[in-house]
Every structure is written in structure tokens, then in C-alpha cells.
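> Listed below are the residues making up each chain.
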Amino acid sequence: MKKITVISGKGGTGKTTVVSNLAYLANDLVLADCDVDAPNLHLLLNPEVNNANVFKSNKLAIKDQDKCTDCGVCYDVCRFNAVDPVSYDIDKYKCEGCGVCVAMCPADALSLKLLDTGEIYNSTTKFGPMIHARLKIGSDNSGKLVSEVREKAVETAEEKNKDLILIDGSPGIGCPVISSITGVDLVLFVTEPSKSGFSDLKRVAKVIEHFNIPALAVINKYDINKKISQEIEVYLKEEDIELVGKISYSSDVVDNLRNAQLIVEQDKDNIVSKEIKEIWENIQNRINQN
Amino acid sequence: MKSLKITVLSGKGGTGKTTVSVNMALSLPNIQLLDADVEEPNSQYFLHPNFDKEEQIFRKVPEIDQETCTACRKCVDFCEYNALAMMLDEVLVFPEICHSCGGCEKLCPVNAITEVDRVLGVLKHAETDYDVDFWQGELNIGEESSVPVIEGLKEKADNQKDVIIDAQPGTTCPTIEAVVDSDYGILVTEPTPFGLSDLKLASELMDELQIPHGVIINRAEEDSDYIIENFCAENNIDILLKIPFKREFAHLYSDGIPFVLEYPAWEKEFKAVFDKIRGVLNEKNYSN
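These protein sequence lines map, in sequence, to chains A and B. All letters in the first sequence, in the order written, are residues 1 to 290 by the numbering used here. All letters in the second sequence, in the order written, are residues 1001 to 1288 by the numbering used here.
One or more of the hints may lead you astray.
The calculated lysine to any residue pairs, modelled on SDA-like cross-linking and capped at a C-alpha distance of 25 Å, are [claimed, not checked]:
(1) B:1242 / A:251
(2) B:1156 / A:81
(3) A:195 / B:1250
(4) A:94 / B:1242
(5) A:136 / A:43
(6) B:1154 / A:79
(7) B:1154 / A:76
These aren't lab readings, by the way, just hints derived from the structure by calculation.
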């Protein structure tokens, strides 16, 4: 079984568009949306939810006002400015659930409460099972929810005997991204030819290098700025990241998106569809080599 | 007039937060721009700053004196983040996932733990050619927690100036940290189902934080804007501005050129957005 995570560094470069269209071409796979903060894959694949489970991992310090003696120790020990200096009330957004105040409270007035982090969905799409999630607004710990989605996807693939898991990742280089690439076989970068896109690609590529995961790349909307596209190509060669294809800029892509349709399915002769098909063939070749 | 702190944010990435932040900063006098998208700070590519100051952001992580350690496991059992683990008779530290709460050091019964500084990121300052006072935060590669870098960055806010904060996409800790004490939030979106879905999340967050907010539609197209307009009308959210979908704008963006420099008429539009925000906030203050 092969696991591929699609990430980009910069947001809005086309991760979800690429994942959903590749899903159509792969046709028989497990999908995982690890962008739990702003999940979008379900909008295109329209999954039928088989079951939803609450995922709890966030913790929050809770004060028992009857026991509290207003001694202020909690305020002194909290590193996250989560305790109000006057009322000693706990700010639920700032509290990171570390438990230091709980451990140090001389009156035993504090405890850690487990909170809902989000919901995980086990669903079915036209192309196979899909695991996705919805992080609770303002919630901490997206990394743990991402790990849970990834692990559930692996379990599902084992159960149903699927050879491929395609994971839609989140933008950035921080905790959710790192969680989404843990233990995967390949990373696919979707980048765009802009100064920001290129710079963000380099930063996220360094993260991947740090974890020693082989990487492939797609340049989306490559003809928006051919000069930067060329610079990206040179960079990819130097870094030994295989360019598996380039996708032309086309308003047809957005039009299909607006109708919740996949361009490779709706408009097979479109240049973009042909380009994505070639990308899929190159990815398959690479998978078979490994 | 009291200076304003406005954060530009979005649920979805790549909708145009940096485009709005930079073009708006360039359209206003006496302005400070803080790039709080510390995982991928991009405003720098539009402002060409010559950085003149750098400050490292540190955080504390535990170091174990294995000689003194009795392997009692108290610290390992305490750590909520699994940043400490027991390997045979030794306590191992995973500094990347440590939240620097300091609990292990306080709880160790034999004082075998000391806290040492670890560099998490860096703040950089520049006076730009465009009369924008600019600070950016940058998270080091391989580090997981952006929040302390954003906290450090916000301490640079100059209360003599109007401040624009360019936030990280999403609705979790880094975005909340950027916006939490702002006067107003500008939510940038695009007229697609993705844009709408993520705008709903961002707007829900702003309601929960009780921060007044409005929307800028980027890549606006006449026959698609209803996707966003309907939602805003139903929820009584102001649409502050529409930036049309133009290949020319996309090209300027790709080359790191703020479009107000090529199309100065847009300065007026951004000024109007700012005045509108000030008006909304004044009205709120009167009614309170």
C-alpha cells in the first residue's frame, strides 16, 4: 500500500483540485482530507457519510470556585497567559491544557477536562472510501486530529485491501503539515509560479527533506509566469524532486469547481485534463519503481 | 483619533490576504504592517524590505541531567504533549513537540531537569521604500508551533500607527493569536464553493471572538459573486470591496508587484475600505 500526501506550502495553489481529479483517474483508492482546518475535498467528491465520531484530545483547565482560595499560584505558573491576573479565571482560548496549574494548585481546585477537538467522518465516494474531519472552530491540537485521520485511512485501506491512499494536506509548514506527512511514501507538491509560491515551496521542501521523504512536484497555472516556472524547474532538478507535470492556467478549472465537477471527468479533451492524466501516469510509474 | 489594529485573515489559503494587506498598507499614511503568517511570510516579496533589525524568538525546552535522574517517570507521565518518553532507564526529550509549559522542571523531585533556550523563529524589521513600517515573523523549518513567534511579533505593534496584520490561513491557534486583540477583521475570500465554505468558518470564528468583521471578495466575477454575496446578506456582513478577477493582477502578483503601484486609482478604494471600517467602529462605540 502506498501513501501519498499532497501539500504546497502556500495556500490556494490547487491541492484539492489536483487530489480530486487524480482520485477520478485512480478510481479505486482511499482518500483522506488532512486539511482539517479548512476541509474542501468533500465539496468536490460529495461523500456519503457512513458514520461520524467525536474526537476528543484537547484539554482545558477548569476551576472549582468552591475550593479556590485565590492564592494566585496558577497565575504565576501559567506560561500561556491563560490565567486572569485579577479574577484568576481561565481563558479557554489561551489555555493549552498543559496541566501545570493543576499540578501546582495547593487547594486542589483545578482539573483538566477533555474537550471535543472535532468530528471524524468515515465516508464513501464514487472512487472509494474517504476519511475526513472537521476541527472545532478555535480548537487546539489540529495535529492530533490530522494524525487520527491519517491512521483511520490506513486502517480502512488495510481492511478494504486498497493499494493507494491519497492525502490532501494543509497549507503551511507547521504542526498539521508535519502530522500529515508522517509515515507516507511520497509527497506531491502542488506549486504555482509566483514569488510567494516558489518561496513557500522551498520552505516546505526543506521540511520534507528533514523527514527524508521522496518528493514529486506539479507546477499549476505554469503559464501565468513562465519565467518563474522555469526557475522552479531548475530548482526541482537541483533538489532531485521529479517534476511530474505542469498544468495550464484555464478558467475552465474554476468553472468546473463552481459546479462541483471534476474537469477530467466532464471535459476529457480539455488541455488541463490531458495534463492531469499525464501527471497521473508519471505518478504511477514512480509508484511502481519504488 | 485612536489608531486601529486590523487583521486580514481567511479560512482558506491563497485567497489574497497578502494582496489585501500589502495594497492596503501602501494606500494609507502612517502605517505599520506585521506579517504574522510566520509559516510562510510572503509580504516581503512585495515590499522588497532591507531588513535592518533581527530578533530571535526563543522558547524553553527541558534538558535532563541523566546522572541525577532516577527514572521515576513523573515528568513523562505529566507531559500532556508526549514530548518526554522513557527509553530503558533514560528520559528522552522531543523538543519540537514540547509546548514549553515548564511543568516537568517544576515537578521533578530530584531537580534533574533544567530549561534551556531553543530558537523557534526570528522577527525581522525594515523601513520600506514605501513608507510602511514592516515587521515579519518567521518560524524555523521543522518547528511546529507558530504561536510564540506571533506573540513576539505583536509586541512590535506601534500604537502611534494604524496596524495591519497579515494572518495565517485557517481557524486554529496561529490565526486566533494574530487576530484576538484586533479592532477589526477583514475576511478575504473568493467566489467559489471552497471560498464560501472556508469563509463560513472564518466568520464563525470572528463571531465567537466577538470581533467586528467584513469581507473582501478577491477574484470577483460578476456572474459568480452571488455565492459570497448571498451568504453575507443573510448574515448581515459588510462587503467592503471587490477585487476583480484579472489575469493581469495574477501576473503582477506572481512577480511580486502590488497592483496599487500599477493602478494608483485603487489607492482610493483601499482608503475607502479603511474609512468604512473606522466608521463602523465609531458607530459601535457610540452605541455601546
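> The structure should be examined with respect to each hint, and the outcome stated for every one.
Tested hints:
For the suggested pair residue 1242 of chain B and residue 251 of chain A, the alpha carbons sit about 19 Å apart, so the restraint of at most 25 Å is met. Straight-line distance between C-alpha atoms of residue 1156 of chain B and residue 81 of chain A comes to about 18 Å, which keeps the hinted pair within the 25 Å bound. Between residue 195 of chain A and residue 1250 of chain B, the direct Cα distance comes to roughly 12 Å. Compliance with the 25 Å bound is thereby established for this hinted pair. Taking the CA atoms of residue 94 of chain A and residue 1242 of chain B, the gap is about 34 Å. The hint is violated against a cut of 25 Å.
Pair hint residue 136 of chain A plus residue 43 of chain A holds up; C-alpha atoms about 18 Å apart against a cutoff of 25 Å. Between residue 1154 of chain B and residue 79 of chain A, the direct Cα distance comes to roughly 17 Å. Compliance with the 25 Å bound is thereby established for this hinted pair. Taking the CA atoms of residue 1154 of chain B and residue 76 of chain A, the gap is about 22 Å. The hint holds against a cut of 25 Å.
Violated hints amount to a single one, hint 4; each of the other numbered hints is respected by the structure.
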